[in-house]
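Put chains E and V on the given structure of chain B with help from the hints.
Chains as they are written, first to last, in the working numbering: chain B, 1 to 149; chain E, 1001 to 1726; chain V, 2001 to 2156.
Just so you know, the hints here were simulated from the structure itself, not pulled from any lab data. Check each hint, because a few of them may be wrong.
Said to hold, decoys possible - Lysine-lysine pairs mimicking BS3-like chemistry, simulated, CA-CA at most 30 angstroms apart:
#1 E:1212 to B:115
#2 V:2055 to E:1385
#3 V:2057 to E:1415
#4 B:9 to E:1251
#5 B:68 to B:9
#6 E:1238 to E:1212
#7 B:9 to E:1220
To be verified - Restraint ranges, calculated between C-beta atoms of paired labels, are given here:
#8 V:2043 to E:1297: 48 to 56 angstroms
#9 E:1300 to B:69: 57 to 65 angstroms
#10 B:69 to E:1605: 41 to 49 angstroms
#11 E:1199 to V:2069: 27 to 35 angstroms
#12 E:1149 to V:2103: 51 to 59 angstroms
#13 V:2047 to E:1317: 46 to 54 angstroms
#14 E:1670 to B:8: 42 to 50 angstroms
#15 E:1040 to V:2069: 34 to 42 angstroms
Every residue gets a Cβ at the ideal spot worked out from N, C-alpha and C, and that includes glycine.
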Amino acid sequence: MIQLNINGKSEQVDVEPNTPLLWVIREQLGLTGTKYGCGVAQCGSCTVHLDGAAVRSCAVPVSAVTGKKITTIEGLAAGNVLHKVQKAWLDHEVPQCGYCQAGMIMAVASLLRDKPKPTDADIDATITNICRCGTFNQVREAIHAAAKA
Amino acid sequence: MNSDNPNLSRRFFIIGSAAVGSGLALGLNIPFGPGIVRAADGSPEVTAWVVIRPDDTVVIRIARSEMGQGTLTGLAQMVAEELECDWSKVTTEYPTPGQSVARKRVWGNFSTGGSRGIRDSHDYVRRGGAAARTMLIQAAAEAWRVPAAECSAANSVITHQPSGRTTTFGKVAEAASRITPPKDVALKDPKDWKIIGKPVRRLDTLDKLTGKQVYCADLKLPGMLNATIKECPVFGGKVKSFDAAKVAGMKGVKKVVQVGDTAVAVVADTWWQAKTALDALPIVWDEGENAKVSSASIAEILKAGLDAPQAFIGNQNGDAKAAIAGAAKKVEAVYAYPYLNHATMEPMNATARYTADRCEVWCPTQNGEAAFAVTLAASGLPADKCEVYKIHLGGGFGRRGAFHDYVTQAVRIAKQMPGIPVKLLWTREEDMAQGRYHPVTQCKLVGAFDAGNNLTGLHMRISGQSILAAVRPQALQNGRDPAQFQGVAPSGEFEFGYGVPNLLIDHAMRNPHVPPGFWRGVNINQNAIYIECFMDELAQAAGQDPLEFRRKLMGKHPKHLAVLNAVAEKAGWGKPAPQGVFRGLAQMKAFNSFVAACAEISVSGGNKVTVHRIVCATDPGYAVNRAQIERQIGGSFVYGLSALFEQECTVKNGRIEQQNFNDYSSMRIAQMPKVEAIIMPSGGFWGGVGEPTICVAAPAVLNAYFAATGKRIRSFPLKNHGITMV
Amino acid sequence: MQRGSRRRFLAAAGGLAAAVALPSTAAAQATRTPFNDMPDVIRRLVGSAQINPGKVKLGLPPLVENGHLVPLTVSVESPMTEAAHVKAIHVLTEKNPLPEVASFHLGARAGRASVAARIRLADTQTVVAIAELSDGSFWSDSTHVIVTLAACLEEL
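Excised from the complex, chain B in its bound form (with noise of 0.2 angstroms):
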């Protein structure tokens, strides 16, 4: 059984140790927010908060994430309070298809973590999500929106 802390949450799941980050949260958790894009950690769908900064979770061995407090999109709001990058996404209508999004939407709260007020290169540097529908521009000026808010 291994221990983990989601969410706010401490839960204990029954799965093999190198089971990635990714599928304990989607099947044994059933929180299904976090995508599967490619399993290669190169699309950022699975993007979640290790202690706050973002990871892609299908390289994360669940085993590796004991003690650190996981956080997924389900919990970036704090209750019925939008985080600011979701209001600043819902503002801008950043998404179209959406299915990248979430993985987005982490790894931008990471950034603004790290960096409140991000430059467009700060921006480049970090978000290297793939958005097959093509939401970038809306993507950069939901971030400065949010880093102003």
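Same frame as chain B, but now just chains E and V:
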């Protein structure tokens, strides 16, 4: 069909439809049996398009599929406009294809592709809204015993003008649903539109921000098992054998099954367990003859087609060959465009549950009816025993409209585990290996000039794969594939934008074994590069500015010219660009819209390309939602430029080599140019939005690259030439 | 043009009218595949004889993904004796370039008046099966089939 008494039920339908004229055009249908048709929660259908709840919530039925392109919201805008409802109270619902068949297709076509979602439905969905409004007003008028002509509706409120009495839609919906629908309804003049044409907020954003939006890959059903699959990577090959015993004991594994002749799947408690077991499963393939095929062998065949004597003619006037033979000067170039995969963010998947009495499928699909047809065929059950539930798509781009291989697979697996819902999700690697690829082509273009540097002739020979020949041979016209000439056709939605005195555009069809499909934009992607880059080559040979050279040939194509002029003006063509910035142009008509782009780039070190901005103009006739159109333009550039710079699917030993985003990359935010969209609807026609603009970004960038470096690149992706997008 | 030819088709088919589900106007306008001159096609088959609805059961799925290989069955109520049998079954389509897609010649020795085949359908359309009986009478059934793949390609 109702098999108990087909003649009776059909006659009943005909009596109903005779009373209302063409049932579909008004969006109305009378059910088999008496009474009001009700939605699941008991709220009455005023018409099949509109359900109104007592609290005034308006549920609008949407037949097409939302895959990010905003069509769901656009269609709702159109119904709401005529309905005169309170937009803030609108929600939407997908009718199922089973309901569609049972109700004789009352919602029309479910297909979402060809950039047709709005332009093919706008008329009848607006009429559906208008009819409902008429019936609601009539119900209020009857209750008040006043003439309906003295009443009007706005924001879900009906007012009797003379007395000032009001009521709401919710209060009269029940009575309205009993009224015989009107035969004719008048539609609003576009100048009176209050919702259509406004950039209203999308209806489907919030859940995508919080993890609440469910995609089919996320589906959870009681007792559900998970599966993943591997199909023979050599197209046309089969399963020879597999050793289930090697993995049967692995944790969570429930069953290892063969799926058709060509694939093997593992079913387990969790997807990760299924994938782990499948990775460990020994499978022997009977690869067949196609194992010998490679990109090189395909290229050789295509190259021969460039000079083959026989070809299908797509566009012709005068005698291009004679003009070329007698030319004072000739320009010739050969281009090549590779196979591409869709790479939707959500890999292929479907969930199915099968018993002898019922087969249900949940899937992402661009065409619910096609998914339903495939379900009928794969289950062997009749229509009234099957159903498909459309789940929100994590991207479509053409992969999930005409191809439902994943549905067939899911049903075949479910048939081997009756009663158990099985969710089949492909790995990304399987998604790369089993695509329906944008077809491979090459193109030889020859232009002829007279002594005065006037273009006297043009021969464009396309050599390569036809999608229709593989996917829908019935659509070939005496063997010819008309889709091959998108963007360079003699007339219609893809009309060539230039008047050339002696023109020949033809296609030597060469069909490799790799399965082709419709990739966003389809054949305009390579045709726009072929013709728009060659136009620049011709301009250069004639010593003329690329814009001026084109203008001279566009006198009879005013709408093509209008968008080209718009981008040229906005970008400042003809005025000096900032230091180190170079420009390129392109234009095309596609999916009935006129589009053009001007790209501004810089190149450092000869091979690092920064695309600073792209000015893009589109004339789609009418603009339903400008905010969505802007996003489609930008999004289409990401799709198209990712392909131009970084993507190809190569063939080795009969299979696709690329496996994941590490060797089939896609643009990141750092590379994304600024996009300035000029949306200039000229009215009088309806053009598409989701696809047309994709085709002009690549040639505009390539033409700018020539301006910057003096080099023409004629084969793609650019990374093969050491060129990167930074 | 299309609506006119549909009405003529139904008129020529006599009592067939009630049994034919009309394709929607919008769908018909969206597809450019022309309708066959069905009255003419039928006249060439049956002459001026009346065609009666009934006795024939045409089995086709209500929708197919691709009109490439559509499974079809036709069965006719008949004792199939020398005195009373089905001489022939014809299957006609509204929109295929060649309207007659299948023709089966039976006779008393066929035993059962039941046939199966796979046919190609060019587009969403109505399919009609006409049975010719030994007493010179004609009977029919029809079904409307949606071909979903046609949708991607309507403007071509």
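*asked:* Verify the CB-CB distance for residue 2047 (chain V) and residue 1317 (chain E) against the hinted window 46 to 54 angstroms.
replied: holds, 47 angstroms
*With a cut-off of 30 angstroms on the C-alpha distance, tell me whether residue 68 (chain B) and residue 9 (chain B) pass.*
The given pair, whose Cα atoms are some 12 angstroms apart, holds under the 30 angstroms limit.
*Could you say whether the range 42 to 50 angstroms given as a hint is met by the Cβ separation of residue 1670 (chain E) and residue 8 (chain B)?*
violated, 34 angstroms
*Keeping to a limit of 30 angstroms between CA atoms, is the pair of residue 2055 (chain V) and residue 1385 (chain E) held or broken?*
With Cα atoms ~26 angstroms apart, residue 2055 (chain V) and residue 1385 (chain E) stay inside 30 angstroms; holds.
*Outcome of range test on Cβ distance (residue 69 (chain B), residue 1605 (chain E); 41 to 49 angstroms)*: holds, 44 angstroms
*With respect to the beta-carbon atoms only, verify the hint that residue 1149 (chain E) and residue 2103 (chain V) lie 51 to 59 angstroms apart.*
Given a distance of about 58 angstroms, which is inside 51 to 59 angstroms, the answer is holds.
*Satisfaction of hint between residue 115 (chain B) and residue 1212 (chain E), Cα-Cα up to 30 angstroms*: Measuring from Cα to Cα gives roughly 28 angstroms; hence the hint holds.
*asked:* Taking 27 to 35 angstroms as the stated bounds, is the beta-carbon spacing between residue 1199 (chain E) and residue 2069 (chain V) within them?
replied: violated, 46 angstroms
*Please test the hint of 48 to 56 angstroms on the beta carbon pair from residue 2043 (chain V) and residue 1297 (chain E).*
The hinted range 48 to 56 angstroms holds for residue 2043 (chain V) and residue 1297 (chain E), with Cβ atoms some 54 angstroms apart.
_Verdict for residue 1040 (chain E), residue 2069 (chain V) (Cβ pair) under range 34 to 42 angstroms_ = The hinted range 34 to 42 angstroms holds for residue 1040 (chain E) and residue 2069 (chain V), with Cβ atoms some 36 angstroms apart.
*Restraint status (C-alpha distance of residue 9 (chain B) to residue 1220 (chain E) at most 30 angstroms)*: Distance of about 22 angstroms is within 30 angstroms: holds.
*When you check the alpha-carbon spacing of residue 2057 (chain V) and residue 1415 (chain E), does it fall within 30 angstroms?*
Holds, at about 29 angstroms.
Comparing the model with each earlier hint shows violations of hints 6, 11, 14; every other hint is respected.
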